[in-house]
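Enquirer: These are the residues of each chain, in order.
There are 4 protein chains.
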Amino acid sequence: MAGSSFGRLFRVTAWGESHGPGIGVVVDGCPPGLPLDAAAVQEDLDRRRPGQSELVTPRREADRVRIESGVYRGKTTGHPIAMSVRNRDARPADYRAFGTAFRPGHADFTMQAKYGLRDPGGGGRSSARVTVAHVAAGAVARLFLSRRYGVTCTAWVRRVGDVEAAVDPERVTRERVEQSPTRCPDPEAAEQIRELIARTRSRGDSLGGVVECCALGVPPGLGEPVFDKLEADLARAMLAINASKGFEIGSGFAGTRWTGSRHNDLFRTEGGRIVTATNHAGGVLGGISTGMPVVFRVAFKPTSTIRKPQPSVDIAGNPVEVAGKGRHDPCVLPRAAPIVEAMACLVLADHALRQTAIRTGG
Amino acid sequence: MAGSSFGRLFRVTAWGESHGPGIGVVVDGCPPGLPLDAAAVQEDLDRRRPGQSELVTPRREADRVRIESGVYRGKTTGHPIAMSVRNRDARPADYRAFGTAFRPGHADFTMQAKYGLRDPGGGGRSSARVTVAHVAAGAVARLFLSRRYGVTCTAWVRRVGDVEAAVDPERVTRERVEQSPTRCPDPEAAEQIRELIARTRSRGDSLGGVVECCALGVPPGLGEPVFDKLEADLARAMLAINASKGFEIGSGFAGTRWTGSRHNDLFRTEGGRIVTATNHAGGVLGGISTGMPVVFRVAFKPTSTIRKPQPSVDIAGNPVEVAGKGRHDPCVLPRAAPIVEAMACLVLADHALRQTAIRTGG
Amino acid sequence: MAGSSFGRLFRVTAWGESHGPGIGVVVDGCPPGLPLDAAAVQEDLDRRRPGQSELVTPRREADRVRIESGVYRGKTTGHPIAMSVRNRDARPADYRAFGTAFRPGHADFTMQAKYGLRDPGGGGRSSARVTVAHVAAGAVARLFLSRRYGVTCTAWVRRVGDVEAAVDPERVTRERVEQSPTRCPDPEAAEQIRELIARTRSRGDSLGGVVECCALGVPPGLGEPVFDKLEADLARAMLAINASKGFEIGSGFAGTRWTGSRHNDLFRTEGGRIVTATNHAGGVLGGISTGMPVVFRVAFKPTSTIRKPQPSVDIAGNPVEVAGKGRHDPCVLPRAAPIVEAMACLVLADHALRQTAIRTGG
Amino acid sequence: MAGSSFGRLFRVTAWGESHGPGIGVVVDGCPPGLPLDAAAVQEDLDRRRPGQSELVTPRREADRVRIESGVYRGKTTGHPIAMSVRNRDARPADYRAFGTAFRPGHADFTMQAKYGLRDPGGGGRSSARVTVAHVAAGAVARLFLSRRYGVTCTAWVRRVGDVEAAVDPERVTRERVEQSPTRCPDPEAAEQIRELIARTRSRGDSLGGVVECCALGVPPGLGEPVFDKLEADLARAMLAINASKGFEIGSGFAGTRWTGSRHNDLFRTEGGRIVTATNHAGGVLGGISTGMPVVFRVAFKPTSTIRKPQPSVDIAGNPVEVAGKGRHDPCVLPRAAPIVEAMACLVLADHALRQTAIRTGG
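Protein chains in written order, with our numbering: chain Y, 1 to 362; chain R, 1 to 362; chain H, 1 to 362; chain L, 1 to 362.
Incorrect hints may have been included.
[As the list claims (entries may be wrong)] What follows is a list of derived Cβ distance ranges for each label pair: (1) H:ALA38 - R:GLY116: 22 to 28 Å; (2) L:GLY272 - H:ARG203: 31 to 37 Å; (3) R:TYR149 - H:ASP46: 22 to 28 Å; (4) L:ALA93 - H:GLU188: 43 to 49 Å; (5) H:PRO219 - R:PRO309: 48 to 54 Å; (6) R:PRO309 - L:THR360: 54 to 60 Å; (7) H:PRO319 - L:SER53: 51 to 57 Å; (8) L:GLY272 - H:ALA38: 48 to 54 Å; (9) R:ARG66 - H:GLU321: 53 to 59 Å; (10) Y:ASP46 - L:GLY204: 51 to 57 Å.
[What the hints assert, rightly or not] If the Cβ cut is set under 10 Å, some of the chain Y residues that face chain R in the computed set are: (11) PRO104; (12) GLN192; (13) GLY223; (14) ASP228; (15) ILE288; (16) ILE315.
Hints listed in this document are in silico derivations from the structure and should not be mistaken for laboratory results.
Built from N, CA and C at the ideal position, the CB exists for glycine as well.
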């Protein structure tokens with residue numbers, strides 16, 4: 001059914017396949033009067049783009065975005081904002097070799113099972129290339145959040161394999177994240193990660209890890225108390241990113257080992273505002289933002305495409321052997337960070353608009 | 001805005017406050033012809049009910065469900081199924097003592113910030129009591145999944161504090177889970193957990209932990225490839241449960257430390273079906289079910305209500321001290337397991353109907 | 001699928017069958033802080049109630065509404081407002097006589113075709129009795145619109161059979177409408193209609209007609225320019241009322257005979273506000289309210305249930321004869337007016353909240 | 001808010017402005033395996049296209065559609081189908097002359113009131129040019145309905161001004177409709193309409209009228225009994241078309257003058273199928289299709305843009321005079337017919353998929 005949309009008031013509808021003509025997105029519900037031009041969107045797309053460093057896939061895509069509607073004289077009009085990029089370096093032939101073989105860890109089998117047919121070109125609609133749409137839409141949401149609420153949202157590589165960065169979430173800036181192609185803001189860990197990725201790639205293997213994200217300036221009151229909790233929508237957004245396997249907010253899985261007396265964040269007054277002394281909650285209580293930083297982490301599995309040959313089966317169930325020939329990332333983490341940011345911005349923008357209807361509607 | 005619904009084709013709308021007249025839910029979209037009576041729903045509600053053992057809140061609620069529409073001569077009609085239970089043992093006065101104080105770890109502050117006013121009775125709409133609706137609706141979804149696909153879905157307590165159970169997800173049955181009031185199917189761990197909870201409660205403190213869930217018999221093809229991935233909707237459902245702080249599917253956070261060659265589940269043919277040799281994916285690839293068991297875990301923080309006095313502030317920002325007087329669970333895990341099951345069934349039923357529209361619509 | 005909800009931000013979910021335990025509705029999205037008690041809802045329900053006069057069905061239902069959630073100390077909390085009424089005078093046995101016969105003009109045949117089974121009690125979910133839910137929800141919407149915007153919304157019987165009232169839509173008040181059990185505010189026409197209905201009923205036949213509705217005080221800017229036009233949502237709401245066959249706004253079908261130079265409403269300034277000299281548009285331009293009165297009409301077919309015996313077929317296709325034995329209205333118009341009002345208020349409240357997200361969100 | 005989508009399972013999201021780069025649409029939810037190429041869509045777009053005859057606007061647009069996703073080797077994949085056309089003959093300068101003047105009968109004033117700013121180019125998002133998206137999406141829906149159910153859906157001009165065609169809805173074919181540029185299938189009336197339009201245009205004035213539409217082959221069971229009635233969704237779809245002011249199905253407004261004994265369509269068995277002897281219902285009972293032809297009519301007001309100068313006001317409320325300089329249709333009816341068809345197909349396709357989830361889901 002119609003499952004290619006995300007958000008309710010700040011609503012995104014995405015389209016496109018990895019090796020088709022292009023990828024696009026329609027952002028519907030962005031309020032009028034927001035300054036917007038292609039350059040602002042391009043900046044975020046450039047961070048997601050392939051071919052940025054030796055750490056990522058060598059596929060060469062300029063990913064130049066076109067804004068095709070919804071903007072008049074440099075401002076949003078309140079109407080749908082259509083954006084698209086062309087696929088330039090599509091090489092569907094690279095995938096023909098797989099024929100009807102099901103690549104391990106990929107959606108080849110499940111897409112066939114679901115639809116009864118599939119476009120084999122680089123995964124088609126299952127490819128991580130579809131996240132071009134997420135990032136373009138997220139850039140609009142980010143601008144909206146920044147202009148309207150002063151929110152900043154930054155994501156970075158917290159861990160790759162067993163190499164973990166030492167970072168204070170509230171102090172990470174985009175500049176520090178961008179200093180290394182690993183997108184790890186701890187220079188020492190970044191260097192180890194760079195080496196680990198290079199070593200693993202050369203062995204024909206791949207790595208996973210954890211991306212962390214922090215949104216500062218989120219006003220109290222975003223999110224709803226039962227099903228549409230802010231953390232629930234963030235979790236959904238993060239598990240919707242290709243290759244993610246987990247989500248935790250605030251103290252997450254580690255905090256489940258504590259007692260309540262340690263875990264509870266105590267309220268106090270600071271400069272006339274009510275804040276909490278600690279932030280084990282990760283900026284949410286009962287599904288609603290507290291005004292403290294929203295901090296969460298996302299688990300990404302090791303890339304499924306590897307050069308090492310692996311046994312599998314084809315559509316008829318016959319044994320085959322597959323080995324990655326297409327271009328791919330030995331570790332998705334560096335490019336996942338901007339996607340995490342984008343999805344977080346979409347969730348926050350949606351809940352910001354929803355809260356408007358609740359508080360100023362009454 | 002209108003945020004009290006869940007699901008798209010199998011759609012649930014919930015209402016009610018902890019210390020109001022009752023809790024209810026409307027299930028819209030359940031196909032016609034499904035045998036349904038109150039007893040089947042009651043069985044699941046009885047597992048969620050307070051006062052079942054010394055491990056949980058002593059609030060005494062019979063939680064007798066009434067089915068008020070959508071069933072004719074013991075079968076669903078295809079029309080909305082309205083169900084409700086009365087609150088019998090509501091004691092809003094227990095909460096009056098808190099006045100406008102914000103209990104640490106609770107939604108008191110965020111509800112006030114969001115709505116500008118709040119019903120203080122036991123958390124009102126933020127109370128875990130609202131999950132009566134989740135469980136009643138989930139019972140209908142469970143019946144639908146069982147009758148139509150032979151799906152079974154079981155959740156249990158995997159860990160409380162640092163006590164972890166040794167279990168094989170594919171072999172846990174509801175019977176084994178129900179043998180202990182802890183809902184931990186490993187008898188040794190169950191006993192340790194029982195003692196740990198008793199000890200912690202007597203100190204006026206609380207505990208967290210992890211619930212694990214496994215759905216068997218899920219056909220391949222449920223879930224959609226971009227935003228509405230099965231794991232994304234499961235993540236959202238789980239983070240929508242009170243006190244949850246994290247979700248992981250299959251290998252989850254641990255698997256992010258592995259290499260791709262270890263993580264990839266290899267396809268093979270078994271009895272004419274395509275299966276995978278391992279199930280690190282947890283039953284999903286690219287957002288779509290593989291036909292293997294769907295296995296995931298949910299992190300629950302230690303209960304926020306504790307008897308130990310804690311400093312806080314009131315609505316005016318003045319310092320106050322609060323200590324749990326209302327009835328509460330020293331550890332939510334035993335009662336969280338049936339809620340996890342219910343939410344998982346709602347997600348699976350929704351995607352099962354969606355897949356029907358995709359494959360038989362064309 | 002899940003089709004029992006209406007509205008997007010001010011969202012209603014309805015349940016219940018004509019001869020089941022009761023009828024109910026959940027209103028989700030009503031902003032917090034609105035004064036609300038059962039008496040305000042009851043007043044509107046009393047106007048829809050059967051048994052008010054000799055013109056309508058003698059079924060005797062008190063239709064006492066209970067508010068079960070979402071209100072605290074006389075004000076809405078922002079949480080779902082559940083309301084329900086009991087069915088007291090259900091007589092499913094009256095319908096058993098029909099067995100599996102399909103009553104002409106009724107949904108018996110289509111419900112059977114759609115669901116494969118049906119609850120025959122007085123039409124079950126197809127009965128006009130389900131509009132109890134519409135009116136209860138509409139009463140909340142009406143209060144919201146009145147308090148927040150000063151909107152009033154009034155509907156009346158404009159025509160029954162060939163008897164047409166002479167009324168100025170902008171001057172009709174609820175008081176004038178309620179002076180006659182016909183709900184026709186033109187006393188002369190009202191008397192003729194009363195006689196016509198009595199005469200037709202005595203012949204075992206039934207009548208149709210037109211309800212007109214006018215909303216005053218609707219601010220400019222409600223409605224959206226492409227699919228979600230205000231008039232589109234009003235049309236949908238009106239055609240969703242049992243027995244309605246048509247909708248027209250402003251000049252409607254008659255205006256299609258005019259030329260553009262006659263039809264165009266000319267803008268002018270009046271007391272600092274921009275208004276139009278005429279209102280052929282009926283208060284909308286391009287799907288968006290102009291600030292002028294919103295005026296529209298709804299066509300209702302003659303009641304399908306008549307005492308006169310009619311030939312039909314049963315579920316097996318065998319010829320049968322049916323004659324109305326259940327209680328019914330010989331003309332739905334008098335009771336349709338409050339339902340039209342209610343549905344109009346639901347549409348306006350929804351668009352009012354949507355506009356809030358557009359203008360204050362940015 | 002996000003109001004540019006239509007449909008729930010067969011879901012359309014539209015974008016684009018009259019004098020921007022282009023118009024586009026994403027169709028999400030079309031089942032996989034449907035044969036689809038650009039030619040099939042183009043055929044429908046060519047019927048909507050401007051410049052087809054002297055009866056319509058001389059704006060010259062090739063309106064060549066590109067399909068950018070969702071089709072692989074000539075078949076739909078089940079993924080979003082993105083389509084777009086370029087605007088070639090945009091002349092925003094034609095509209096600059098209006099400055100901030102509000103054209104009578106247009107959305108200039110309401111768009112300004114709603115969004116606080118507007119793109120003045122030919123109405124921007126309010127222009128009838130946006131219906132390119134409706135027709136492109138409707139072409140996909142039409143193919144789906146035709147292939148899957150054998151449904152045909154045809155619309156024609158029933159009346160312009162006072163010239164009414166004599167037609168039997170069940171016998172009209174697309175071929176007969178296309179024989180005249182008026183799209184009136186009654187040759188005599190067509191000739192009178194052609195003359196009437198020419199005469200009215202030469203006087204600088206415009207005309208309205210009625211489009212009629214008939215869908216044959218619709219299976220019984222489409223539509224839902226309470227809010228999502230088939231006729232309700234058709235009404236909404238029709239009132240969402242630019243310049244429409246009314247909708248009626250079956251006997252419509254005329255039938256409200258009849259008695260029930262005349263209006264009721266009597267069931268009988270014909271060739272093993274249950275049918276009705278007459279079809280005053282217009283193919284629906286209680287919101288659900290009966291299997292008889294679905295027949296409805298849509299009222300279109302006379303075109304608001306006329307060459308005759310008319311007094312108006314500008315954004316500051318100052319008096320101005322406006323006269324149509326842009327290219328426009330003196331009567332929208334001939335081009336409205338394919339748009340009515342397209343919207344009807346979207347509604348029917350959506351309900352067809354919904355019914356699939358109801359009947360095969362259970």
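Enquirer: Against this structure, judge whether each hint is valid.
Expert: Hints and how they fare:
Against the hinted window of 22 to 28 Å, the Cβ-Cβ separation of ALA38 (chain H) and GLY116 (chain R) comes to about 23 Å, which satisfies the hint. GLY272 (chain L) and ARG203 (chain H) have their C-beta atoms about 36 Å apart, which keeps the hinted 31 to 37 Å range intact. The hinted window of 22 to 28 Å between TYR149 (chain R) and ASP46 (chain H) is violated, with their beta carbons roughly 48 Å apart. The hinted range of 43 to 49 Å is not satisfied by ALA93 (chain L) and GLU188 (chain H), whose Cβ atoms lie roughly 57 Å apart.
With their beta carbons about 51 Å apart, PRO219 (chain H) and PRO309 (chain R) fall inside the hinted range of 48 to 54 Å. For PRO309 (chain R) and THR360 (chain L), the hinted distance range of 54 to 60 Å is satisfied, since their beta carbons lie about 59 Å from each other. In this structure the hint that PRO319 (chain H) and SER53 (chain L) lie 51 to 57 Å apart at CB holds, the actual value being about 52 Å. Distance hint check: the CB atoms of GLY272 (chain L) and ALA38 (chain H) are about 53 Å apart, consistent with the given range 48 to 54 Å.
Distance hint for ARG66 (chain R) and GLU321 (chain H): a CB-CB separation of about 39 Å, inconsistent with the stated range 53 to 59 Å. With their beta carbons about 54 Å apart, ASP46 (chain Y) and GLY204 (chain L) fall inside the hinted range of 51 to 57 Å. At about 4 Å, the closest approach between the beta carbon of PRO104 (chain Y) and any beta carbon in chain R falls short of 10 Å, and the interface hint on this residue holds. For the restraint placing GLN192 (chain Y) at the interface with chain R, the shortest Cβ-Cβ distance is roughly 14 Å, beyond the 10 Å limit, so the hint is violated.
The beta carbon of GLY223 (chain Y) comes within 8 Å of a beta carbon in chain R, closer than 10 Å, and the hint placing it at the interface holds. With a least beta-carbon distance of about 4 Å to chain R, the hint placing ASP228 (chain Y) at the interface is held under the 10 Å criterion. Annotation: ILE288 (chain Y) was flagged as interfacial toward chain R, and the flag holds, the nearest CB pair being 4 Å apart, inside 10 Å. Restraint check, ILE315 (chain Y) versus chain R: the minimum CB separation of about 9 Å is within 10 Å; hint holds.
Comparing the model with each numbered hint stated earlier shows that hints 3, 4, 9, 12 do not hold.
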